[in-house]
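Model the full assembly from the supplied sequences, consistent with the hints where possible.
One rule links them: number in this note's numbering = place in the sequence shown (from 1) + 274.
Some hints here could point you the wrong way.
The calculated BS3-like cross-link candidates involving lysine-lysine, where the alpha carbons are at most 27 Å apart (straight line), are [claimed, not checked]:
#1 Lys-301 / Lys-383
#2 Lys-340 / Lys-301
#3 Lys-293 / Lys-340
#4 Lys-374 / Lys-301
#5 Lys-340 / Lys-383
The following label-pair restraints were derived from C-beta to C-beta distances [unchecked claim]:
#6 Arg-427 / Asn-306: 30 to 38 Å
#7 Thr-298 / Glu-432: 42 to 50 Å
#8 Ala-418 / Val-312: 27 to 35 Å
#9 Lys-383 / Gln-435: 19 to 27 Å
#10 Arg-429 / Arg-337: 39 to 47 Å
#11 Arg-441 / Asn-360: 19 to 27 Å
#12 His-329 / Thr-413: 19 to 27 Å
#13 Gly-406 / Arg-429: 40 to 48 Å
#14 Pro-424 / Thr-289: 55 to 63 Å
#15 Gly-384 / Gln-435: 33 to 41 Å
#16 Lys-374 / Lys-415: 17 to 25 Å
#17 Phe-305 / Thr-413: 41 to 49 Å
#18 Leu-316 / Asp-414: 27 to 35 Å
Calculated directly from the structure, the hints in this document are not laboratory data.
Glycine residues also receive a C-beta, built at the ideal position from the N, C-alpha and C atoms.
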Amino acid sequence: MDHQEQQHNTTDNDTLAAKHPLLTPYKMGNFNLSQRVVLAPLTRQRSFNNVPQPHAILYYSQRTSKGGLLITEATGVSDTARGYPNTPGIWTEEQVEAWKPTVDAVHAKGGIFFCQIWHVGRVSNYGLEPNGQAPISSTDKPLAPAEFSPPRRLRTDEIPQVVNAFRIAARNAIEAGMLLFFK
Numbered sequence: 275m276d277h278q279e280q281q282h283n284t285t286d287n288d289t290l291a292a293k294h295p296l297l298t299p300y301k302m303g304n305f306n307l308s309q310r311v312v313l314a315p316l317t318r319q320r321s322f323n324n325v326p327q328p329h330a331i332l333y334y335s336q337r338t339s340k341g342g343l344l345i346t347e348a349t350g351v352s353d354t355a356r357g358y359p360n361t362p363g364i365w366t367e368e369q370v371e372a373w374k375p376t377v378d379a380v381h382a383k384g385g386i387f388f389c390q391i392w393h394v395g396r397v398s399n400y401g402l403e404p405n406g407q408a409p410i411s412s413t414d415k416p417l418a419p420a421e422f423s424p425p426r427r428l429r430t431d432e433i434p435q436v437v438n439a440f441r442i443a444a445r446n447a448i449e450a451g452m453l454l455f456f457k
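See below:
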């Protein structure tokens with residue numbers, strides 16, 4: 275591309291950005307985003323045994339642009355954090371290793387990749403919980419839809435276990451190469 279073509283493209287990009295503020299660069303803390311459009315977290319439900327699958331590499335890399343921000347689908351912090359089937363986790367080494375090729379693909383295209391870690395609390399059911407136990411929550415009040423099982427209120431002495439699950443998940447996400455977004 276010669277100088278005249280580069281100058282023409284820059285002018286076209288400036289004109290486009292002036293008409294569409296969402297396409298203008300944005301500094302978000304330490305990150306220089308190329309534009310203000312973000313891939314928001316979507317519950318894809320395409321993991322197997324809470325392990326991200328290879329097709330996630332294609333899914334996220336197709337949506338990556340240089341300086342673009344992507345946020346992963348909600349990613350469970352523990353086996354008690356699941357509220358929907360086939361969602362990914364980040365509490366085991368197998369899950370961490372499964373995330374790495376996806377993270378690498380996003381970074382190879384210059385994307386910024388945040389991991390949304392979460393615990394669903396009472397938005398769960400016996401079938402998703404270890405040993406068919408009741409979902410754990412801050413309350414024992416059930417949610418209205420029948421698809422959710424009545425929760426069990428966490429005891430005060432159990433709270434550190436949930437906090438620790440978030441700590442481990444955060445470290446694991448960093449080990450996989452992601453940044454963090456807490457939900």
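Taking the hints in turn, this is what the structure says about them:
Restraint check: the Cα-Cα separation between Lys-301 and Lys-383 comes to about 19 Å, which is no more than 27 Å; the hinted pair holds. Restraint check: the Cα-Cα separation between Lys-340 and Lys-301 comes to about 14 Å, which is no more than 27 Å; the hinted pair holds. Distance check on the hinted pair: Lys-293 and Lys-340 sit about 21 Å apart at the alpha-carbon level, within 27 Å; holds. Among the hinted pairs, Lys-374 with Lys-301 is consistent with the structure: their alpha-carbon atoms are about 26 Å apart, no more than 27 Å.
For the hint pairing Lys-340 with Lys-383, the CA-to-CA distance comes to about 6 Å; that is within 27 Å, so the pair holds. Checked against the hint of 30 to 38 Å, the pair Arg-427 and Asn-306 fails, with Cβ atoms roughly 44 Å apart. Between Thr-298 and Glu-432 the CB atoms are about 47 Å apart, so this pair conforms to the stated range of 42 to 50 Å. Between Ala-418 and Val-312 the beta carbon distance is about 31 Å. The supplied range of 27 to 35 Å therefore holds.
Judged by the Cβ atoms, the range 19 to 27 Å given for Lys-383 and Gln-435 is violated: they are separated by roughly 38 Å. Distance hint check: the CB atoms of Arg-429 and Arg-337 are about 42 Å apart, consistent with the given range 39 to 47 Å. Between Arg-441 and Asn-360 the beta carbons are some 25 Å apart, a value that agrees with the proposed interval 19 to 27 Å. The hint said 19 to 27 Å for the Cβ distance between His-329 and Thr-413, and at roughly 37 Å that hint is violated.
At roughly 20 Å, the beta carbons of Gly-406 and Arg-429 sit outside the given window of 40 to 48 Å. For the hinted restraint 55 to 63 Å between Pro-424 and Thr-289, the CB-CB distance of approximately 58 Å keeps it satisfied. Here the CB-CB span from Gly-384 to Gln-435 is close to 38 Å, well matched to the stated 33 to 41 Å. Distance hint for Lys-374 and Lys-415: a CB-CB separation of about 40 Å, inconsistent with the stated range 17 to 25 Å.
Phe-305 and Thr-413 have their C-beta atoms about 36 Å apart, which leaves the hinted 41 to 49 Å range violated. About 31 Å separates the C-beta atoms of Leu-316 and Asp-414, a value consistent with the hinted range of 27 to 35 Å.
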